[in-house]
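Guided by the hints, dock chain B onto chain A, whose structure is given.
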Amino acid sequence: MSAIIENNQLPFSAKFLQFYKDRTLLAILLSLFAVMFIYGIFFTENYLTITNFKAIIRDAALYGIMAIGLTFVTLSGNFFLLSLKETASICGVTFAMGMATGFGSPDLAGNFLVSLLAALAVGVVSGVIQGYFVGMGGNPIVVTLGGAGILYGIGAWWSDNLVINFTRPHDAEWLGTGSFLGLPSITWSFILIAIAAEIVLRHTNFGRKVYLVGANKAAGKATGHENFSMAIIVFTICSVCCAFVAVAFVAQMDSAQSNYFSAEFGSSGDMTILVIATVMVGGNSIMGGYGSTLRTSLGAIFIAMVDNMMVLQGFNSGPRIVGVGLMIVFSIIVFGLFAKGSRAQE
Amino acid sequence: MSTNPILKISKVSRTFGAIQALKEANFEINEGEIMGLVGENGAGKSTLVKIISGFDPGFKGSYQINGKEVKFETPSQAEESGIAIAQQELSLIPNMSVAENIFLTGAKVKKFATLNTLAKMARPYLDEVGLTEVDPTTRINLLSVGEQHLVEVARLISREAKILILDEPTAALGEAESRRILEMVERLAANGKSIIYVSHRLDEIFKITKRITILRDGVSQGIQETKDIDVNKLVEIMLGRELANMFPSKADHISDDPKLEVKELWPDGVLEPVSFSAFKGEILGLSGQLGSGAGEVLASIAGALQSRSGSLTLNGETFLPKSPSHAIKKKIAYCSSDRKKDGLFLGRPIFENLTSPALGAISKYGFNFGSSEDNYSRNLAKEFLIDVKRMHDESGLLSGGNQQKVALGKWLSIKPDVLLVNEPTRGVDVGAKSEIYQRMRELAARGITIIFASTDIQEITYLPDRVITFYRGMMIDEHRLEKIKTPIILKEITDPFNETNL
Numbered sequence: 001m002s003a004i005i006e007n008n009q010l011p012f013s014a015k016f017l018q019f020y021k022d023r024t025l026l027a028i029l030l031s032l033f034a035v036m037f038i039y040g041i042f043f044t045e046n047y048l049t050i051t052n053f054k055a056i057i058r059d060a061a062l063y064g065i066m067a068i069g070l071t072f073v074t075l076s077g078n079f080f081l082l083s084l085k086e087t088a089s090i091c092g093v094t095f096a097m098g099m100a101t102g103f104g105s106p107d108l109a110g111n112f113l114v115s116l117l118a119a120l121a122v123g124v125v126s127g128v129i130q131g132y133f134v135g136m137g138g139n140p141i142v143v144t145l146g147g148a149g150i151l152y153g154i155g156a157w158w159s160d161n162l163v164i165n166f167t168r169p170h171d172a173e174w175l176g177t178g179s180f181l182g183l184p185s186i187t188w189s190f191i192l193i194a195i196a197a198e199i200v201l202r203h204t205n206f207g208r209k210v211y212l213v214g215a216n217k218a219a220g221k222a223t224g225h226e227n228f229s230m231a232i233i234v235f236t237i238c239s240v241c242c243a244f245v246a247v248a249f250v251a252q253m254d255s256a257q258s259n260y261f262s263a264e265f266g267s268s269g270d271m272t273i274l275v276i277a278t279v280m281v282g283g284n285s286i287m288g289g290y291g292s293t294l295r296t297s298l299g300a301i302f303i304a305m306v307d308n309m310m311v312l313q314g315f316n317s318g319p320r321i322v323g324v325g326l327m328i329v330f331s332i333i334v335f336g337l338f339a340k341g342s343r344a345q346e
Numbered sequence: 001m002s003t004n005p006i007l008k009i010s011k012v013s014r015t016f017g018a019i020q021a022l023k024e025a026n027f028e029i030n031e032g033e034i035m036g037l038v039g040e041n042g043a044g045k046s047t048l049v050k051i052i053s054g055f056d057p058g059f060k061g062s063y064q065i066n067g068k069e070v071k072f073e074t075p076s077q078a079e080e081s082g083i084a085i086a087q088q089e090l091s092l093i094p095n096m097s098v099a100e101n102i103f104l105t106g107a108k109v110k111k112f113a114t115l116n117t118l119a120k121m122a123r124p125y126l127d128e129v130g131l132t133e134v135d136p137t138t139r140i141n142l143l144s145v146g147e148q149h150l151v152e153v154a155r156l157i158s159r160e161a162k163i164l165i166l167d168e169p170t171a172a173l174g175e176a177e178s179r180r181i182l183e184m185v186e187r188l189a190a191n192g193k194s195i196i197y198v199s200h201r202l203d204e205i206f207k208i209t210k211r212i213t214i215l216r217d218g219v220s221q222g223i224q225e226t227k228d229i230d231v232n233k234l235v236e237i238m239l240g241r242e243l244a245n246m247f248p249s250k251a252d253h254i255s256d257d258p259k260l261e262v263k264e265l266w267p268d269g270v271l272e273p274v275s276f277s278a279f280k281g282e283i284l285g286l287s288g289q290l291g292s293g294a295g296e297v298l299a300s301i302a303g304a305l306q307s308r309s310g311s312l313t314l315n316g317e318t319f320l321p322k323s324p325s326h327a328i329k330k331k332i333a334y335c336s337s338d339r340k341k342d343g344l345f346l347g348r349p350i351f352e353n354l355t356s357p358a359l360g361a362i363s364k365y366g367f368n369f370g371s372s373e374d375n376y377s378r379n380l381a382k383e384f385l386i387d388v389k390r391m392h393d394e395s396g397l398l399s400g401g402n403q404q405k406v407a408l409g410k411w412l413s414i415k416p417d418v419l420l421v422n423e424p425t426r427g428v429d430v431g432a433k434s435e436i437y438q439r440m441r442e443l444a445a446r447g448i449t450i451i452f453a454s455t456d457i458q459e460i461t462y463l464p465d466r467v468i469t470f471y472r473g474m475m476i477d478e479h480r481l482e483k484i485k486t487p488i489i490l491k492e493i494t495d496p497f498n499e500t501n502l
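Quick mapping for you: the protein sequence lines, in order, are chains A and B. Per my numbering, the first sequence starts with residue 1, numbered consecutively. Per my numbering, the second sequence starts with residue 1, numbered consecutively.
No wet-lab data here; the hints were simulated from the structure. Please note that the accuracy of each hint is not assured.
To be verified - Derived EDC-like pairs (lysine to aspartate or glutamate); straight-line CA-CA distance at most 16 Å:
(1) A/Lys217 / B/Asp338
(2) B/Lys11 / B/Glu28
(3) B/Lys329 / A/Asp270
(4) B/Lys207 / B/Glu225
(5) B/Lys11 / B/Glu24
(6) B/Lys162 / B/Glu186
(7) B/Lys322 / A/Asp270
(8) B/Lys50 / B/Glu79
(9) B/Lys485 / B/Asp456
(10) A/Lys221 / B/Asp338
(11) B/Lys50 / B/Glu168
Next up, chain B with everything else stripped away, as it sits in the complex:
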């Protein structure tokens, strides 16, 4: 292995307003190497990837290629230096042929070319990524998603990319297709390309990488040799032990008084009907990756997503919510994962947001002259540590953490029996995260049943009293209290059926 890395980044930092996305990141990659890049959501992976690929010139620190300091203002400059990125969302044009997509732009594009010449030119690149049987004249939308990923990579190497960044290439793929991607990655590395492999799927990382860079809270945690480290150690470095105490302690025991019974609920995105119960005063976590169905189950309990069948039993009543307002009447509150989309009225003042689900409670005969609303929203704000002085500010002016507190806090106004939260701390800084966890625990102690769905493995391990795991639309297993262990959950949400034989 050569001692001079082809790409080297040292002491890079990047801030967005109040948020420090990267504090101190070091990164390097050698020629022909596969480097894993892992970290939790919000650890700074995507920021680092954007800096490397030239999408984000506004960083501080040193960026060297072949020992020379470089500064890319645009992604195309980075591409000229041989750095290319395959993003999670593909940038292919669906109703054009494979060959046309490969030669869409770049130096090799001829002014005039027939599809046949393009097809001949495309052949070697397709072979290189392992699409030997695909006809270059096929339309893109006739290929599977995995094959499309391979075409995307073929396009990048056709432009002589030396360093390829693959951002979660297998997130949306099944096992067989994922394997093809991994094979391709190994083949390209053998041909001398350097590959930065970003993934949440630790099994893949262990399978193909030689070294791993771990990011935590915007700081790179040193480069680990893959052979010297195991999953537990990796997760430990990823999460950082000191972060565990940002979580409140769990309940002593789980009450055996079922508050909400979910029977045969079957929304879109879930393979088979789901049944479970949630007990009084517990925090129940639904764990699963994107597309696992955990979020969909939550949304359908809240009436935000239609369920084909099933029913809920709450306080002795059996019903199936038809709409959010139906669920609200039954004292079910639902805080969605996207607060900007349907969690907040960004242009309206904070106090209006806080009382929005409970207008009836702050008015008399439909009239509202402010004083009872004032008290009401102040109490809510105090309870959720929202600055009372800012009550008349637009909620859109708050930071992400404070916005999330408003989005969550507003549901206390209906005095819910069941509080559903999808991704309670997405895009939220560490301080606000800890406050939100604290608040959720207090609400549970008051007897509210809290069910939350999360893709954040740390949150799902330390916050809930009980965890139900989901994998590709199926319910896998359930764990209680001290039996909740990160490796077991990780295994169940990424590879419960031993498909990868790690």
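With the rest of the complex left out, here is chain A:
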């Protein structure tokens, strides 16, 4: 039999980029971390304190969890779930309703488990419905924008646009403000979810399918992996992550309102932009098929660090949102530069 035919005629630059693409993006991100850290130590007061690092990692946890959910959507080639904050909004309202009124039955009022399950169920339902329409061939941008309007509208309608309060002490304090071994519960949740997501993506058939379908939908279909079920599952994962974050946030605030996630959330206002930025800054491919939740987690910490620095430097929310926007643009440019030349040569 003839020897293995090898094609060594690829341009050197393509090989070089292919080999170093992963490392380069990671190296850029890590060196930015280092620069930020050193700048912080020398030029920012109150930077090198435990309280401040807890604040950073706490912020990162909130949108990090949602971004991990969104990473599944993006990796599978279904772009974005644009109804992130609206999903969180309706789930937060659901949770607060449960804690405050028990959905009309006073026996259940303040029951954490029932409220949590109700909020997660709302997340599942909205995820399944949006995923169904995307799986049927709907454009994810259009479907989830429509979903955003509907979800927000229902939440606002149900709560009459009022703030729903429930008073302390309540059963959800451990999740909202509690901590374990010195770290906030939400941070622990973030760490556990990040590890679980990475294991799912790397070591399960489902994870592999996410990458394959994201890399090429048509080839996915031809090898028996349809985007229909994939879209439903990834949108559900993402929506459930939104629901969980909403519950944690509402538990922390002891109250919920339908526009909490547009204005009050985190330090930079709009949650959808923040979460999409997190996925992008991590260096995940917008077109799908390339990236990981580990990248997303690093992206979340990076954004939280930048944001924290700007807070300590005395910027108010306007410039900080500009900062997030610049980070999205920057990550797209860097990713575009390094992705070029690595893909299919003739």
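Chain B in isolation, oriented as in the chain A frame:
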């Protein structure tokens, strides 16, 4: 006939990365001559045509017009020298009138003109191509495809083109319309235009050309006088005898144990329901030109294309696959003709591509920690002669031949009973071609039933044990083993009903 050719190309070569599309091509055409240009898929016809028409300046060799060396950087420079090309895909604007399309660009376009003036200006050109009865103010999309081709040519001659390249003008046309094109070609030649006629339809080539240039593997095989040569000789030169031994020998006999029975399958693109059986361990070829329905039949067996009716019987079960995943569960594998579109995950590593249809087999309870996948994909790679060292490279970085091996090899992971392959060697170099044929034969010997569709006449003659021919959505005939002969198949897939009376 003048002794000085109007266009002369000598010792032209062209490489694209690792692929040598043209090795040494010589070509010439005289004034008022119709020159046929034939060759298999991948022989370099389209590369040569692109060089002549100025689309591809990156070649080596000499290009002379009227004895003067020229170098075109863009197609418009070639057009100024009187060279124009009518491509297979028309470049007309469907909802504009005939006259407007003819004078869309070029020196004769006036800044302001009414449709009537344009129509008057268009008249002589339309007459010249034989569209005497067509009103120049008609919208293009009201004309038939054949008439649109004629309008395209009228547009070219309106810009004083002296050398016209017609690239497969009749590929999508019926017999009557094809005849109009041929008449036009002859009329234009009589008016002193030189015409390069590229076609797979050898009957047409024999009917209208005086001389024929044959390309094989990027090398021109000398210019043949049409009257000195017959179809068999032409095909022989086209294919080259020494290439026949790149094919493995056929089976000794065909088993009479039908493995897959196809009953009344009727997908879009096929005129009437199709029924046939495929036997255990045979290679069955479906032969037909583009649009003949052979590929559609294959796709509908695999569930990739919906069939209006019919059923398959495989291993005693009767069913009609609704989707590719349904077919995969029934152990039917389908390798499509376009590996970039739905054959490969180009951005993912090779080993992921190889195991993609059989994730269940490489995992336990849905978890996959790599070791069994590693073994699995290595074995597949070894079997298909894919470099094991490159398993973690993106599959998009492989050459066309190696990509095709991955696209085909991945289907072994489901241990198929039936392997369907559409165009097994499209865009694949000769070395990999021969390896793929070898592999297909070995798989068949192992008892897998292989059905493939191909427009490559050489492949369809030498590879399969049985051939079924298709023509315009109809099943024509079936041949076995030594009864498979190139001229008979060519006849059946191009002109089974003697419509051309060659």
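Now the hints, each set against the structure:
A C-alpha spacing of about 14 Å is found between lysine 217 of chain A and aspartate 338 of chain B, which places the hinted pair at or below 16 Å, so the restraint holds. A distance of roughly 12 Å separates the Cα atoms of lysine 11 of chain B and glutamate 28 of chain B; the hinted pair therefore holds under the 16 Å criterion. Restraint check for lysine 329 of chain B and aspartate 270 of chain A: not satisfied, since their Cα atoms lie roughly 46 Å apart, outside the 16 Å limit. Of the supplied pair hints, the one linking lysine 207 of chain B and glutamate 225 of chain B holds, its CA atoms being roughly 13 Å apart against a limit of 16 Å.
The hinted pair formed by lysine 11 of chain B and glutamate 24 of chain B meets the criterion: a straight-line CA distance of about 5 Å does not exceed 16 Å. With a CA separation close to 14 Å, the supplied pair lysine 162 of chain B and glutamate 186 of chain B stays within the 16 Å bound. Proximity of lysine 322 of chain B to aspartate 270 of chain A is assessed by CA-CA distance (about 44 Å); at most 16 Å being required, the pair is judged violated. With a CA separation close to 13 Å, the supplied pair lysine 50 of chain B and glutamate 79 of chain B stays within the 16 Å bound.
Taken as a hint, the lysine 485 of chain B and aspartate 456 of chain B pair is honoured in the structure, with Cα atoms around 14 Å apart against an allowance of 16 Å. At most 16 Å may separate the alpha-carbon atoms for a hinted pair to count; lysine 221 of chain A and aspartate 338 of chain B meet this at roughly 14 Å. Proximity of lysine 50 of chain B to glutamate 168 of chain B is assessed by CA-CA distance (about 14 Å); at most 16 Å being required, the pair is judged to hold.
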